[in-house]
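J.: Knowing the structure of chain Z, use the given hints to seat chain H on it.
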Amino acid sequence: MTLLHFAVLAPFLFAVLVPFLFKYIRKIHTGWFVLVVPLILFIYFLSFISVTSDGRDEMQRMEWVPSLGINFDLYVDGLSLLFALLITGIGTLVILYSIFYLAGKKERLNHFYVYILLFMGAMLGVVLSDNIIVLYVFWEITSISSALLISYWYTKKASVYGAQKSMYITVFGGLSMLGGFSLLYVMAGTFSIREMVGNADIILGHDLFLAAMILVLLGAFTKSAQFPFHIWLPDAMEAPTPVSAYLHSATMVKAGIYLVARMTPVFGGGAEWFWIITSFGVFTMLWGAVSAVRQKDLKAILAFSTVSQLGMIMSLLGAGSAAFYYMDGDNALYTTAILAAVFHLINHATFKGSLFMVAGIVDHETGTRDIRKLGGLMTIMPVTATISFIGLAAMAGLPPFNGFLSKELFFTGITNVVQYDMWNGDTIGMILPVVAWIASIFTFAYSAIIFFRTFRGKFKPEALPVKKVHEAPAGLLISPIVLAVAVLLISIFPNMLAYTIIEPAMMSILPGILSEGSAFYVDIYHWHGINLELMMTAGAVALGIVVYITMDKWSKLGIYQRERDIMTAAYDNGYDLLIKGSQLLTRAQMTGMLRDYLVYMLLFIIGIMFYTMFRFEGFHFGMDNASDIDIFMYFILGALVITVLLLPKVNNRMTAIILAGFAGFLVAFIFTVFRAPDLALTQLMVETVSVLLFMAVFYHLPNLTKDDITPLTKTINIVVAGLAGLMVTLVSISAFTFGQTTSLAAISEYYIENSKILAGGYNMVNVVLVDFRGLDTMLELLVLGIAALGVVSLIKLKVRESDDV
Amino acid sequence: MEILMSVVIGILFAVAVYLMFSRNIIRVLIGTLLLSHSVHLILFTMAGLQRGAPPLLFLEAEAYADPLPQALILTAIVINFGVTAFVSVLVYRTYQEHKTVDLYDLRGEKDE
Chain Z
1 MTLLHFAVLA PFLFAVLVPF LFKYIRKIHT GWFVLVVPLI LFIYFLSFIS
51 VTSDGRDEMQ RMEWVPSLGI NFDLYVDGLS LLFALLITGI GTLVILYSIF
101 YLAGKKERLN HFYVYILLFM GAMLGVVLSD NIIVLYVFWE ITSISSALLI
151 SYWYTKKASV YGAQKSMYIT VFGGLSMLGG FSLLYVMAGT FSIREMVGNA
201 DIILGHDLFL AAMILVLLGA FTKSAQFPFH IWLPDAMEAP TPVSAYLHSA
251 TMVKAGIYLV ARMTPVFGGG AEWFWIITSF GVFTMLWGAV SAVRQKDLKA
301 ILAFSTVSQL GMIMSLLGAG SAAFYYMDGD NALYTTAILA AVFHLINHAT
351 FKGSLFMVAG IVDHETGTRD IRKLGGLMTI MPVTATISFI GLAAMAGLPP
401 FNGFLSKELF FTGITNVVQY DMWNGDTIGM ILPVVAWIAS IFTFAYSAII
451 FFRTFRGKFK PEALPVKKVH EAPAGLLISP IVLAVAVLLI SIFPNMLAYT
501 IIEPAMMSIL PGILSEGSAF YVDIYHWHGI NLELMMTAGA VALGIVVYIT
551 MDKWSKLGIY QRERDIMTAA YDNGYDLLIK GSQLLTRAQM TGMLRDYLVY
601 MLLFIIGIMF YTMFRFEGFH FGMDNASDID IFMYFILGAL VITVLLLPKV
651 NNRMTAIILA GFAGFLVAFI FTVFRAPDLA LTQLMVETVS VLLFMAVFYH
701 LPNLTKDDIT PLTKTINIVV AGLAGLMVTL VSISAFTFGQ TTSLAAISEY
751 YIENSKILAG GYNMVNVVLV DFRGLDTMLE LLVLGIAALG VVSLIKLKVR
801 ESDDV
Chain H
1 MEILMSVVIG ILFAVAVYLM FSRNIIRVLI GTLLLSHSVH LILFTMAGLQ
51 RGAPPLLFLE AEAYADPLPQ ALILTAIVIN FGVTAFVSVL VYRTYQEHKT
101 VDLYDLRGEK DE
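From first to last, the protein sequence lines are chains Z and H.
Position 424 (the first sequence) corresponds to 424 in UniProt numbering; numbering is contiguous.
Position 63 (the second sequence) corresponds to 63 in UniProt numbering; numbering is contiguous.
In isolation and in its complexed conformation, chain H is listed as follows:
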């Protein structure tokens, strides 16, 4: 299962990177979203995908799933939401001001 997951994560990551290479800032935004999904899944897979009980002590199980990566990923999801919200508003405002979402046209030319 972990091997298969790793392959899926690789595909996710590759597509995310490919989207970020785009000239269109909206695709870059979607790319960052996918990138964070793949990173979360890496953290999750690294610890092993054993089918122990969920990390809830009152279940009084023999084995639990590893709680630490879960805590890390939870933090990451929330932070990522903050970033996504900020970037999407940034994209929105950029388009409002410059009437373009093409990164090539958005380049600064003063410092060249």
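Here chain Z stands alone, though its shape is the one from the complex:
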């Protein structure tokens, strides 16, 4: 238990205190107490910069289940530090923002902050764990806390729907990922990511490689909202805005990005990894951007924009994995994509975080987020408008903002693919930059829509639920201002981050491919001369303006009216089908009929019995040692068979009793013939009493009637009963033959020899019952006692009218 472990667990520990703070200190907003946690953690993690910027890393071990190789080992390197800083840094700002956002007296802050802290701790666990099983556990906690936060206003139907949807999709991915992790363990023999990186050669050549890779990617893609799993993210916008800013744009949805980056040294270097990630990434980027333009809700636009930007980062990670194919870290041709991914990750967290907060402010102050009702807020809310302008300009990729810098790097990274002379990079790879460029046009367009539809245009006070619209209070503005300032700082001094954060992160994504003594080329600057990337940006901006200007025309088209994603329809229908299907299955199976349950059980037992007998050659048949048949036994057995065969036919209840009793007496006769006097006596007594009992009971019962069943049911009944009989016959014959042919001594010999010596009795059966197995007989008496009590209480029991028996 080191300080680092404590840092990961601190949010969980503090979460325990939150309900008490909420209950007993009502005067102070609970958020002020919670704020301390991420702030201290942020400062703590800042101290690691000195470690990672030297190219070193730090590992803290703690044993958890050492026998299974599952240990709570934490590891800080460039990549995990970058995420840890994002989680705690944005976390601090979001909690500060939430204090003013959730200022209402009726907010259930105890719930809210417990969930937020759970998430924070789990997310830190995800990015700092070295052990994939521990990572998986934290991963699922982020899914759960995310669903809890989405359903924070659980009385709203849409909240619950969104929470369920995100839960199903991300947990499905999580389980797939667990499968992938298990396969990784099978291949590499370890749960530790560092050791897997060391064994990457074994994994790369293994048969299970592709299966493991796809399963792990399912986890990453569902979490990071890649097409077609992106549909949960727009519905997650039902969460309070601080949550959207924190989980659903800055941190949790980047867990998938983290996983892909973390696993690049393990899986990277093959065509499958490269193509799956880049193509899904680029397509998601386009899909998200085109969908965003169609949205009318500010947060929905931002959600689809997040989907799009996540796709962009994802595609860069795919493109950068080529560096492992060439094993060349010195050549910027292959590493620029990774540089762009890391840089854009930071930029996206800053500008998207501020934009979500702005959307929350607009919602808070005007009461709506519908862009058709908003407009002209610039003069009323100048500060908010300025912040959102900075964020939107960065998102649209306008110079000189940081989004422009990373967008340029993105274009460089994705166009470099064309120069790869393998995996069809120079042929099919041409599509990637083209799709990315088209997506950028729409990126600009939706950025423009957000700004101009919200802050410019005509102010429509009559459409707004809130009558007196004014600028947000200072408290709400602090956090977005801090993020906007961060955007500006990164825009002006991009290299401030280059060697402290970005390069160490690249080192951990691309370990071991730099030549001795060299470093990654990380120099970010604005002016590269007039080159392809600049032309692409200019073209995207120009066409984006065209798209925005013509909005009035195309917004009348049917496609604009359809806000729902078509994949959502697929999800909804699939969900309904699943429910209906399982209900159908349950109804078909759980009929409430004794007969059906018996048929299921017997069929299962018969099936497994025959299979086992066949599989292990259990059938034995032998006539050796079989005793002779006396002629009169044919009559006895014949009478028995005829009696029982008559039983299903008779309808008179008394005839049935007599037949059943007759069968019992014949069984007693068989016992007599085969030298079992005790059994015969007991059977006779029991049978007599039973028949009398039946007479007494059946006297009060109605006569038997023919069963009202279909011929099919009857046939099935006969077939199953016949099979069961056959099974019993075969088992009986096999058991007898096996007993006769095996050389194992029968345990009966012991009783025959010792009945007299040890127990002093001559009747061996009695000695076994009352002496050798005396305790069993005692318990048997107990069973009889319980049955007798049951009989008595059943007769005494009076059912009242209202009771349902």
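Hints were generated in silico from the structure; no laboratory data involved.
From a predicted model like this one, the values you see are computed outputs, not experimental measurements.
The beta carbon of each residue, even a glycine, is placed where N, CA and C say it ideally should be.
Any given hint could be a false lead.
[What the hints assert, rightly or not] Lysine-lysine pairs mimicking DSS-like chemistry, simulated, CA-CA at most 25 Å apart:
#1 Lys649/Z to Lys714/Z
#2 Lys106/Z to Lys157/Z
#3 Lys796/Z to Lys99/H
#4 Lys156/Z to Lys106/Z
#5 Lys106/Z to Lys468/Z
#6 Lys649/Z to Lys99/H
#7 Lys99/H to Lys706/Z
#8 Lys156/Z to Lys296/Z
#9 Lys99/H to Lys580/Z
#10 Lys649/Z to Lys106/Z
#11 Lys458/Z to Lys553/Z
[Unchecked claim] Derived coverage of chain Z by chain H (criterion: at least 3 residues anywhere in the stretch with Cβ under 8 Å from a Cβ of chain H; other residues may be distant):
#12 595-608
#13 620-629
T.: Coordinates of chain H only, in the frame set by chain Z:
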């Protein structure tokens, strides 16, 4: 003899199961009775139906019938009697309360 017995036991078992499939609870009751007969006979037959002396030591015979299955079956007969008694009273009471012996009509409908 054992082979023939096994066949008879199979028929007994099949009829017992068939009766238990019935919708009429009285037939189910008779089915359980037959089922226990067939199980007793299986235990009995498995050990072999040799005509040794009955398992009584004072007969001082060369060979005895196997006492162990007999002890087991004896226990089973008695337990089975307890079960039969309980179930028949249950059937009786069920009919008294619900005026039907049809299992289809006796189904609970609340939990569906």
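J.: Now, for every hint given, state plainly whether the structure supports it.
T.: Results of checking the hints against the structure:
The straight-line distance between the Cα atoms of Lys649/Z and Lys714/Z is roughly 13 Å, inside the 25 Å bound, and the hint therefore holds. Straight-line distance between C-alpha atoms of Lys106/Z and Lys157/Z comes to about 19 Å, which keeps the hinted pair within the 25 Å bound. Proposed proximity of Lys796/Z and Lys99/H is supported: the alpha carbons are some 18 Å apart, at most 25 Å. Between the alpha carbons of Lys156/Z and Lys106/Z the distance comes to roughly 15 Å, so the proposed pair stays at or under 25 Å and holds.
Of the supplied pair hints, the one linking Lys106/Z and Lys468/Z holds, its CA atoms being roughly 23 Å apart against a limit of 25 Å. Between the alpha carbons of Lys649/Z and Lys99/H the distance comes to roughly 23 Å, so the proposed pair stays at or under 25 Å and holds. Using a Cα cut-off of 25 Å, the hinted pair Lys99/H and Lys706/Z holds, with the two alpha carbons roughly 17 Å apart. At roughly 20 Å between alpha-carbon atoms, Lys156/Z and Lys296/Z fall within 25 Å of each other, so this suggested pair holds.
A distance of roughly 36 Å separates the Cα atoms of Lys99/H and Lys580/Z; the hinted pair therefore is violated under the 25 Å criterion. Distance hint between Lys649/Z and Lys106/Z is unfulfilled; the C-alpha atoms sit about 73 Å from each other, more than 25 Å. This hinted pair checks out: Lys458/Z and Lys553/Z have alpha carbons roughly 19 Å apart, not beyond 25 Å. Counting residues of the stretch 595-608 of chain Z whose beta carbon lies closer than 8 Å to any beta carbon of chain H gives 4, which reaches the threshold of three, so the coverage claim holds.
With 6 residues carrying a beta carbon less than 8 Å from a beta carbon of chain H, the stretch 620-629 of chain Z meets the three-residue requirement, and the given coverage holds.
Hint check: violations occur at hints 9, 10; the rest are consistent with the structure.
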